[in-house]
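Chain by chain, the residues run as shown.
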Amino acid sequence: MMDATRYRAPQASDLSMVDLDELVAIFHRASGITHLVASPVPELLIALSGRWLTLDGIEQEFELVDGNRAGLASIMDELVAAGLIERRA
Amino acid sequence: MSDPTDHDQPAQPQRRRALRIGAAGAVAVVSIRPAMAQAYGSVLTCEIPVPDPGQAGSYIDPSGKVVPAGTRGAYAPPGRPLKGEDIRRALASGGNLPGVDYERSRAYLKYVQNLRSGTTGFTCFASLQMPRR
Amino acid sequence: MKHVFGVQVGPVTFRIGSAWRKPITQLQALYRDYPKDGGVPDFTVRLAPLRPWRRWIRPAVAIGGDFVIPDAAPLPLDQGLLAAEMGMNLQMALGQRRFLLLHAAAVERDGCAIVLTGESGAGKSTLAALLQGRGWRLMADEFVLLDPMTGLIHPFPRPVSLKNDSIDVVARALPHSEWGPLISDTPKGTIRHLVPQAHAVAGAKSPARPRLLLFPRFCAAPDQRVVGAGEAFVRLTQASTNYVVLGERGFLALTRLVSDVTRVAIDYPDADTAAAMIEGLW
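Chains as they are written, first to last, in my numbering: chain E, 1 to 89; chain F, 90 to 222; chain D, 223 to 504.
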């Protein structure tokens, strides 16, 4: 049965992203909170910017390397907990 | 022209970008929780009266609750307010407050840990919880 | 309040009011060569007795001002100068909005600055004080002021608060220095304030471009390593008292700072070694 859970990132205009060597610092304007992330998070945030995608949808745009769907789901969980990604069942 | 229902014809795959998932269990996001400005109070010695002045003289039971003076099994309050540094050390190491035996220390510390905003000493306790620089 | 003292330190003006004369007299001596601004102060500090009779009976100084910590313990009157200094620190820590504040020291040479940051007790104030004797201008020992608009460090050269053994180490290295009174039996031991050198006070209006971000640690075995920008950024957010309050301004100022500077952690057993390492990095 296909998982219909969808994820969405804030609009690009709501995030200020600055590269700091291999890490990326993100200022989330709506919350005023600063986060520090590494790849693949910035790519996910850009791909999901202002649009809802399921995990299937994400895998249609990206080929998962060095990991699998479970790893991706775990990253999404963390991003939801941090307030950077919205989730809808 | 290929027939859209002809499934023998291989579809032209879009070239997908790689998404490096990385080691399982690795942290993906670190949210910055900076030290509260009040944590700068580590420069000052902040103190927590036990119990707050409004209940001065009351006893502290082993669970940290304020109870009437003389209650059996409860402890008389410390003579002086507790120093922030001593509380921080005792909470971090599990040791006693200076000059106070184990059970009494635990009771006082439980009182401190139950402090709510608005009670005297809450700001000091809150500043003790913030990460040190 | 009965006794009043006004002073300007870099871009910030303070007004200290006191119920007792002695702390004000000591401040006047310590800040003798600093500009005394008579206008509306940026911050006010008030040294007052906790209860009216504590002005004379076991006199204790409660630190008040525009910004306060409600549960702070009062200090004995003979530590009144310390109370005034702590009061000024508190106003900056809680009230500063124009600059991003970093709990750090800074020294300058040729218009460029080194920011020395680290845990309390890591020795950054002592090191900054000692670098004065090696061709560096002291810009700050407690708070570094970063201007979010320009990325420049503005001087905030307060008297350097030195503790215990550091006092003698610095006194021997800088024999012609001026000092405040020796203050004993404080929660941190013995404290004495070192007056910054003349050119530090005279240069208190001259900002500098940050060039080197140093994480010094007083340690037996000398060592040196590069610090990544991400790590430096996180460490500095923990060293700032107003990063959150400044919002995106603070975010942009701090990401810009760590990106623009050379970032190095050094372990040093003595000032000579530290100074040599710094010259090598400069």
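Just so you know, the hints here were simulated from the structure itself, not pulled from any lab data. For every residue, glycine included, the Cβ atom is placed at its ideal position computed from N, Cα and C. It is possible that part of the hints are untrue.
To be verified - Some chain E residues well away from chain F (every beta-carbon gap over 12 Å; in silico):
(1) H28
(2) R29
(3) S39
(4) E61
(5) R69
(6) E78
(7) R88
Claimed, not checked - Only part of the chain F face toward chain E is listed, based on derived beta-carbon distances under 8 Å:
(8) R105
(9) R109
(10) I110
(11) A117
(12) V118
(13) V119
(14) S120
(15) V155
(16) V156
(17) A158
(18) G159
(19) K199
Numbered hints the structure breaks, given as an ascending list | Per hint list: 1, 3, 4, 5, 6, 15, 16, 17, 18, 19 violated.
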